[in-house]
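Colleague: Residue numbers (our numbering), protein chains in the order written: chain P, 1 to 514; chain L, 515 to 840; chain D, 841 to 1222.
Be aware that one or more of the hints could be misleading.
As the list claims (entries may be wrong) - No farther apart than 30 Å at their CA atoms in a straight line, the calculated lysine-lysine pairs in the DSS-like style are these:
#1 L:Lys-814 with D:Lys-923
#2 P:Lys-387 with P:Lys-397
#3 D:Lys-1008 with L:Lys-636
#4 D:Lys-879 with L:Lys-636
#5 D:Lys-1084 with P:Lys-376
#6 P:Lys-276 with P:Lys-255
For the record, the hints were derived by calculation from the structure and aren't laboratory data.
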Amino acid sequence: MTALIEMRDIVKVYPNGVVANDRVNFSIERGEIHALVGENGAGKTTLMKILYGMEQPTSGQIFLDGKAQHFRSSHDAIAAGIGMVHQNFMLVPSFTVAENVVLGQEPTRRGFIEAKRATEITEQLAQQYGLRVEADAIVDSINVGMRQRVEILKTLYRGAQILILDEPTAVLTPQETQELFNAVHALVQQGKTVIFITHKLREVKEISDRVSVMRGGKMMGTLPTVEATREGLARMMVGRDVFLTVNKPPCKRGKRVMEVRDLSYITETGRTMLHKVSFNIYAGEILGIAGVEGNGQTELVEVLTGLRSAASGEARIGGKVVTNRTPREVRMASVAHIPEDRLTNGLALTASIDENLIVDRYFLPPYRKGLVIDYKQVESMGRELIKKFDIRTPTGKLPVNSLSGGNMQKVIVAREFSSSPELLIAAQPTRGIDVGATEFIRDQLVQKRTEGTAILLVSADLAEVMSLSDRIIVLYEGEITGVFPDASKVSEEEIGLYMLGLRRQTREEMEAYL
Amino acid sequence: MSFDHILKAIFSALFLANILRISTPLILPALGGLVTDLAGATNIALEGIMLVAAFTGVVVSAYTKSVTAGILCGILSGVLISALLAYFYLYLKTDVFLAGIAINIMATGGTIFLLYILTGDKGNSSKLASGMAPIVHIPLIKDIPFLGTVLSGHNIFTYAAFLLTWLVAIFLYRTPLGTHLRAAGENPEAAATLGIDVKQTQLIAFLMSGFLASLGGLNLSMAYLTLFQREMTAGRGFIALAAVYLGGRKPWGTLIAAMIFGFADALSNQLASLEIPSQLVQSIPYVVTIIALVVYALQKRAQLIERTRRFQERELAKSGGGATGS
Amino acid sequence: MSTIRKILAIRAVREFLRIFLAVFAALVLGFLITLAVSKQPIEAYKAFLLGPVSRFNRFGDWIEESITLILLGLAVSLAFRAKQFSLGQDGQMLMGALVSGSIALFVPLPFLLRVPLALLAAMLVGFIWGYIPGYLKAHLDANEIVSTLMLNTIALKIYDYFLIFWIKPPGAGYNASDFFPVEGKLPTFLPALPFIADLQKRFADHTNITIMLYLMIIAIVVAFFLMFRTPFGYELRTVGANIKFARYGGIDTKKTIILVFAVSGIFAGLAGAHLAMGIHTKLIANITVGLGFEGIVVAIMARNNPLFVPIAGLAYGYLRAGADVMERASDVSREMVLVIQAIIILLVTAERILPMVQQVITARRQAAAGAAEMTEGENNVV
């Protein structure tokens, strides 16, 4: 008997040379719930985008019911009965639930939309699959869980037999997650097939029939869920072939620089992203935050740097509160910040390199002289930093968008490092940049720390966190679940168990090391 | 000139009829502005489209001696101008707002330029014997005393304005294309994933906008007046745009907002005869529009703050009980 | 280092070329239109292109007009550079004219106090009339296009109201004030020195080129320094380049936006004072007519750079003045210049046009150079 879907020898190489999928084989049986797990960047989403027709494989084939398919766009995939629910919802906020469900294929009579029938269709689908929605509610007013159910209904309305859910629980509260699981079971009972992408091993055990693990663009294996242990899966996910070697002198921990107490952050839509987080950062150490993406790291960084407001709790630097202050006030308290999204936050692409370098200091001497900015100073500083940080450009007068990704990141690093901060918060400092620039930036981080700067490092790359950090905190679902005072004495597997929520230290165990 | 006097004037049938007459050249372009706005682009060129249509209608009707031909050509010219704007915006990536300004300038200059060539006069087209759109006397209603004066005896554009408000509402909310248009304006990415051609939809919106604004322009030159005057739109295209916002981006809301502007205009005419400064009355709708912008923004923000606070309280209360367990 | 200069020079040249080509293309199109409609197209176009320098008073018209255009262009450049689409220059100009004109007419101060006071008041009222939409945008996220257009009309109504009910002489059958007394007029730009007395008299008799010329030059320098040398200018440009980056970097983006609108208003207010106290020397109805969006054209041609605004303003003022001459000298009306103006805006701002033209050119060049390259070999390294 042939599998429902068979993806054979899928290779995907992006134009920038990144190999996202390396000869991946993946097969799905009819009527199963198949979990697809792996770290960020393991290639799961790319594989699913290929299946959904959004990306074209460099080589390899897709078979549906044994017949070779060639999806040129997602329309082809939809026509073949494949539906995908993306992480960021594709809904029209001012439309009702029913209008969103039928959008693009509205039921009509003599050219007019039959709103009633749209509602009926939605309600009927919702009932059939146990996806509780209010068909006439405006999407803008419903919660995230219901929005997700609307997305699922959209695919079902379009006749999807195979549903791809891309990290569907990442945005859900625990109750909503439970509801989603019930719905997924109902879908399968009625003959649908579900591919469920996740990071969370607890969910894998709870929901799936089989599980496939990807790592570094390769398929590590597929096994029935009953045979899989969480520990075994964790090893498959985070075990590494290549270890990073970073030469760093031993840590000389200095005075406490930042103190974070009971910090909580809640989103506008009511999701708790940080829950009573407390820790300290000391001079001369790199404190790494390990965790699967979406467990509160982004929010932690942005609350600490003044870009978001804390719901409760506070952070202090030398006794001065820096939470719920403006970014300027935070920076003036000697905090530097390498943002995780350099293109939206970290740079003004059309402005010159020099002008990108002075955003945190243009109003301070020696750059400001009286009423004006001394551009001679700015230029000479630019020249110096371009040289010191090896930014590949003939001059600082060129716009940043003339640089490569790695050199753009170096502009940010140059600015943030040269402000001689007491605390440097580095979020994803090497994401998506070339090997040379990555190495350079890592060396710079270590050097800064050795000179006595306190560094908070957030990275989705566990190897990076492990090799650079002196001390590691694990963030899981917005809470600190483990702390490792000596990063060199802990294995990736062990951290992986904490990252995936399988283990957790007690408050007492952690207290002394936070 | 007592207060009583003013009240009487306001509630006279002629005054109410006047509001309808004055509002018509605002309602039609406002509907055009609404359609493009909902499709995700601000059509700042309503003014220019109206001018071109007003001019073409007069000239063609004068030379062909056919009002119908004048109206049809006027519409065609307005739609073409709107298509030009759409081409620059959608396909040459010009900023929609700068391109719109360019179209307005071109329309202002072009119409005067051609008017001078055709008539040797730069002020108006009085030398051309242009046509006048028919006036409709509604049977039965026209004989009812008060109501007859208010509702009957208007030109076809006034009736078209109301009819078109209804049709635009149906189009936007009851037809697939209208729904796609709103979806493309609000979340183009989502619309695109569902197989909606966003650019094409926006192009259609611009063509419709051109059609509606053209009617507004033709109303000015073939009904409101029966000649073309230089710059005769006098900012109506911009007021129409404000009416869209004041009306909450809804067809009937837009109609009502346009009529509020019409009311203020009619009132100021009325008051001018009573030696009350009409300028101050005329500025009321503009002040109201700004206030509406402010109120709308404050409301939205209050809602957001309230919602966030509610969520935060709930979450904090919930976690307060369970946190000790971990 | 020469490569650096080369790169920067190439960029500048390309930018200049783009605008030059747009203007040239628009002028050619204008000529084609003239050919089509005029019985004397050559005379008409000659008058259009040479008119402003053909006579003394025409030269004066050109310069006067350009002063207004340049001040407006500066106002728009400041706002647009920060990506704030303020269309409020018309209202700010009206308020500036109203306030400065009222002071010129009614405040019983000597010349040396009255004129500066009037100018300052015009600038202040422009600031305020810009502050309002700025505040609405920064704190309430209100669409600035709508709010500034509304404020323009409100300003017009206020202007008309004061003109008709308070300022115009009682019983006058026209809507205009008396001419300003000499204490309230801007003096001619040339001082009455003995050795240039003749020249001075000619200027004073035939033109309204006033000391506003010097104020304009100061305004250009101030705008340039403000934009490119001060912390505020840096904030303005950074907000325009990427507002999220500005916020991340610690810039108070709300304050910056408000100030951008308000400071832009100062220049438009000054343009209003120029209309009232320099050109018309009285307050008239529709004093800003035909100027509403002209500042935008100038700013677009100058790529929102104060340093290029005078060039763009003079060039555009020249076209406008030339069109006037053409109208008087031929059967082509001056409004043709508006068509040319529209074409310039469209060609300069259409992002796809230059790449398209370039593609065609390189394709041709490659086809032509194909043979040559074969023999030259591969030593032409970039």
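Colleague: Indicate, hint by hint, whether the structure satisfies it.
Modeller: So, going through the hints one by one against the coordinates:
Distance check on the hinted pair: Lys-814 (chain L) and Lys-923 (chain D) sit about 24 Å apart at the alpha-carbon level, within 30 Å; holds. Pair hint Lys-387 (chain P) plus Lys-397 (chain P) holds up; C-alpha atoms about 14 Å apart against a cutoff of 30 Å. The straight-line distance between the Cα atoms of Lys-1008 (chain D) and Lys-636 (chain L) is roughly 28 Å, inside the 30 Å bound, and the hint therefore holds. Restraint check for Lys-879 (chain D) and Lys-636 (chain L): satisfied, since their Cα atoms lie roughly 18 Å apart, inside the 30 Å limit.
Using a Cα cut-off of 30 Å, the hinted pair Lys-1084 (chain D) and Lys-376 (chain P) holds, with the two alpha carbons roughly 27 Å apart. Restraint check for Lys-276 (chain P) and Lys-255 (chain P): the C-alpha separation of about 23 Å stays at or below 30 Å, so the hint holds.
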